[in-house]
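Model the full assembly from the supplied sequences, consistent with the hints where possible.
Residue numbers (the working numbering), protein chains in the order written: chain A, 1 to 478; chain B, 1 to 478.
Treat the hints loosely; a few may be bogus.
Mimicking DSS-like on lysine-lysine, the simulated pairs with C-alpha atoms at most 25 Å apart in a straight line are [said to hold, decoys possible]:
hint, chain 1, residue 1, chain 2, residue 2
1, A, 102, A, 92
2, A, 59, B, 2
3, B, 2, A, 447
4, A, 2, B, 447
Just so you know, these hints were derived from the structure itself, not from any lab.
All of these numbers come straight from a predicted model, not from anything done at the bench.
Protein chains: 2
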Amino acid sequence: MKELNNLIEHVVARVSANLRDPGLDVSQYVRNQIPMDSHAMYYGFYALTHQHPLSFSFKHSSLAGTYFLGKTEVELSVVYKCDIRGDELKRKGTVVDMHGAKLRLFQDERISIRHSFLVKTLVHNNSHDPENVEIFKILNTIALQYSNIHGTPVEGCIIEPFATVDLSSCHNCIVGAFAYVQGGELSGRRIEPGHILIENPGVFSINYQHSPEVLEKYLTLDENHRPSGVFMDFCEARKHDFEPVYNAAQPEIPVEFPDTSFVSHYSLIRGDCAIGNNVMVCQRAYVENSRLGDGSNAQENCYIINSNYEGMNVTAHGGKVINADLGQGTFTGFNSFVYGREKARVTIGKDCVTMPHTIIDAEEPIGIPDGSLIWGYIRTQADVATNTVLLSEISKQTRFEQGGLVAEGDLAAFVEGFAHRIQHILEENGAYFDAGDPDRTAGHAQKTQDVGYNTVQAYMGGDLKGLCPTMRIEPLIP
Amino acid sequence: MKELNNLIEHVVARVSANLRDPGLDVSQYVRNQIPMDSHAMYYGFYALTHQHPLSFSFKHSSLAGTYFLGKTEVELSVVYKCDIRGDELKRKGTVVDMHGAKLRLFQDERISIRHSFLVKTLVHNNSHDPENVEIFKILNTIALQYSNIHGTPVEGCIIEPFATVDLSSCHNCIVGAFAYVQGGELSGRRIEPGHILIENPGVFSINYQHSPEVLEKYLTLDENHRPSGVFMDFCEARKHDFEPVYNAAQPEIPVEFPDTSFVSHYSLIRGDCAIGNNVMVCQRAYVENSRLGDGSNAQENCYIINSNYEGMNVTAHGGKVINADLGQGTFTGFNSFVYGREKARVTIGKDCVTMPHTIIDAEEPIGIPDGSLIWGYIRTQADVATNTVLLSEISKQTRFEQGGLVAEGDLAAFVEGFAHRIQHILEENGAYFDAGDPDRTAGHAQKTQDVGYNTVQAYMGGDLKGLCPTMRIEPLIP
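Okay, structure coming up:
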């Protein structure tokens with residue numbers, strides 16, 4: 001394990017140098033985060049399809065649990081139980097609009113992970129970084145359990161457990177546990193735990209802060225930065241359920257589903273489930289006794305249990321939807337916890353938006369009207385009055401303050417932006433696909449169907465134990 | 001599948017050009033040899049240990065079922081259900097004696113497979129080719145079911161089912177079904193089916209020819225070169241037994257064994273088995289209700305069923321030992337078929353040599369004395385008198401003709417050479433290992449223990465279906 005320990009020290013040194021805070025002991029973030037004894041036993045994998053550009057380069061790294069697709073390079077990094085996709089990497093020649101500047105990609109975009117320690121961390125990609133349109137960069141960064149790096153190049157960052165950085169660029173930031181940031185360019189910021197921040201500088205800003213009591217109950221870190229609370233208990237209680245899936249060379253998918261839908265071999269499907277048309281169920285999604293209506297999708301690390309999705313329902317990475325009924329087009333944000341009970345179901349109408357990092361933990365049956373924006377912490381029907389607003393109402397305003405949410409600026413732009421993004425997600429996932437209609441093109445659900453998986457295992461002994469050899473995978477026909 | 005078909009045509013053209021026989025339709029050898037529909041589903045794998053030099057290069061090829069270790073390059077080839085090892089590749093700086101010439105390797109030896117179609121074929125390696133000491137070359141060659149290429153560079157050859165080329169160099173040869181050749185340099189030869197030929201030019205020659213009736217029963221090819229008979233029935237009846245092994249990501253090994261022994265995760269162990277010290281059970285070995293005494297080894301594609309090995313017993317690739325008791329140090333050659341029955345067991349004494357491609361198919365209990373050389377076709381105890389001879393007896397002679405065997409020349413050199421080779425195999429496999437004795441060094445059984453496996457799967461759709469991307473795997477520290 002000598003080289004693996006050296007590698008971890010190397011990453012700690014790089015992150016420390018970036019953060020420029022001599023008083024901060026970065027090593028405490030990575031200590032005890034991976035089981036060193038058994039680490040070499042876990043395997044990672046990369047996917048091949050004939051629809052996605054292909055290029056993998058792995059150097060001096062430890063890869064386990066990881067899923068790669070598209071074009072990815074990893075160097076001097078520990079990437080553990082991550083799900084890194086690459087199905088939205090832009091292709092050479094694409095013209096992107098970066099704040100008004102039209103930039104043409106001179107080569108295919110690729111994901112680059114260097115000098116980083118990513119543990120149980122998802123890295124989806126839809127980059128908006130004008131400085132690196134060809135490279136989605138993750139550099140000198142530590143990201144911890146169930147955090148999400150999404151569309152956000154990061155450099156010199158620590159992303160604490162269950163935190164999300166989304167559609168931003170982050171330099172030298174510490175993003176606290178269960179914080180959510182969507183904020184353009186962030187540099188040298190410290191984001192408090194449980195802070196939800198959506199900024200479009202000069203246009204609008206949205207802020208919500210979970211209370212210390214809520215954080216104490218749902219997600220708290222001890223003095224060694226180890227997380228505990230309801231969220232960890234929920235995930236830990238189910239993590240062994242995936243073992244049979246990862247112990248099979250070609251896992252069976254125990255549900256029937258239409259040809260237009262994709263259910264990953266590495267998802268977990270249990271009990272009585274129904275899958276509609278144009279549905280996407282990603283690897284590490286957990287679906288139990290639930291119905292996913294047409295066009296719905298279950299992203300990585302989400303849990304959908306005893307629930308009913310009418311259709312076109314997006315569950316973002318890490319979203320948890322338990323004992324709930326969701327109307328057509330209703331969205332569940334990153335790491336949201338929509339937790340109904342058998343006798344206290346949560347019913348959300350159609351075309352609603354559950355903000356990222358929202359907690360609905362039902363003490364009684366809860367109903368939320370069509371077209372609502374939902375945030376914060378909801379336990380009773382009475383909380384719905386304070387912690388929701390009609391999207392059509394808030395979009396008329398320039399300042400809105402209610403139930404802890406402070407929203408300022410062009411809120412119509414905020415609402416439209418959110419709606420636009422949900423449409424983008426649905427389109428990318430193939431929710432509208434129709435083989436007979438050239439305008440309703442294939443998305444991830446259709447393009448990923450012929451996927452094959454190659455496993456990557458580390459050296460099992462010697463000084464290099466836990467690290468992988470140097471690997472370079474390129475297309476058969478360049 | 002377009003490119004896979006193109007690739008097969010390419011190999012056929014290369015082999016045809018080598019064989020220089022315009023009347024021969026080489027394509028009939030490869031037609032229908034692989035299940036084109038399901039071919040892309042199968043995966044190959046390569047092994048990583050910290051004890052073996054590492055380098056893999058796979059280009060424009062289809063790899064399935066294949067096991068690679070060490071240094072291997074594959075280009076423009078179909079390699080299907082092969083077991084190619086690389087644990088006897090020589091290292092840079094080694095001095096080899098090639099017929100008296102001392103040659104120093106200027107780089108690590110590697111296996112090179114190009115323009116070839118290898119189906120269910122084992123390629124072990126212990127090369128004796130003075131022309132290519134750094135490269136074990138398989139070029140423009142077709143090798144069919146259960147054939148063995150062992151220590152034999154081949155160029156422009158067709159190796160028919162259950163044929164073995166051993167410790168030779170073969171150029172532009174057709175080696176018939178169930179033929180065995182060990183013959184130095186072979187060029188432009190046609191080896192008849194069932195011919196066992198061991199030549200050391202100028203020193204000795206050994207010849208045996210199985211009768212047409214025996215071949216008809218045990219292994220015959222139809223007009224499309226498809227094999228049938230007792231051998232195929234035996235193997236086909238057991239091939240599905242391996243499916244659970246290959247369907248698991250980390251197959252369990254259902255037997256206890258000492259730390260000094262190696263049992264491959266990809267072997268099949270069934271029933272009540274006992275494994276002694278310093279034992280090596282390779283991938284695709286099939287061991288059922290048997291005891292493998294100290295220092296024994298079960299090579300790829302062998303079957304050991306209801307049998308007892310006293311110790312130091314080598315079962316060469318494809319050897320089948322059923323209802324048999326083998327004394328200490330007794331050797332079973334390539335593709336030999338030692339088939340006792342419950343009430344007609346085969347008992348072979350100690351220090352015997354069952355020649356490659358021998359058939360013992362017991363109609364009654366058969367006993368063979370210590371120190372025997374065994375060949376040909378044996379069905380009764382009476383046959384033992386004609387088809388065995390004491391090694392100590394034959395080694396005194398310069399011409400020996402009995403039971404179809406014609407042996408001429410320095411037969412002491414033949415017997416000593418065989419004994420020397422068996423010792424080499426035992427040493428290489430670690431049969432004599434003793435951690436406390438520096439002269440009893442580790443072999444394959446000990447050096448392969450920390451093995452990890454990476455899988456290689458082909459594209460699952462599109463024109464490239466069934467072919468693998470370009471892959472290059474190199475050591476983490478060069």
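Going down the list of hints, with the structure as the test:
no. : hint         : in the structure
1   : A:102 - A:92 : holds, 14 Å
2   : A:59 - B:2   : violated, 33 Å
3   : B:2 - A:447  : holds, 20 Å
4   : A:2 - B:447  : holds, 20 Å
In summary, the one numbered hint that this structure violates is 2.
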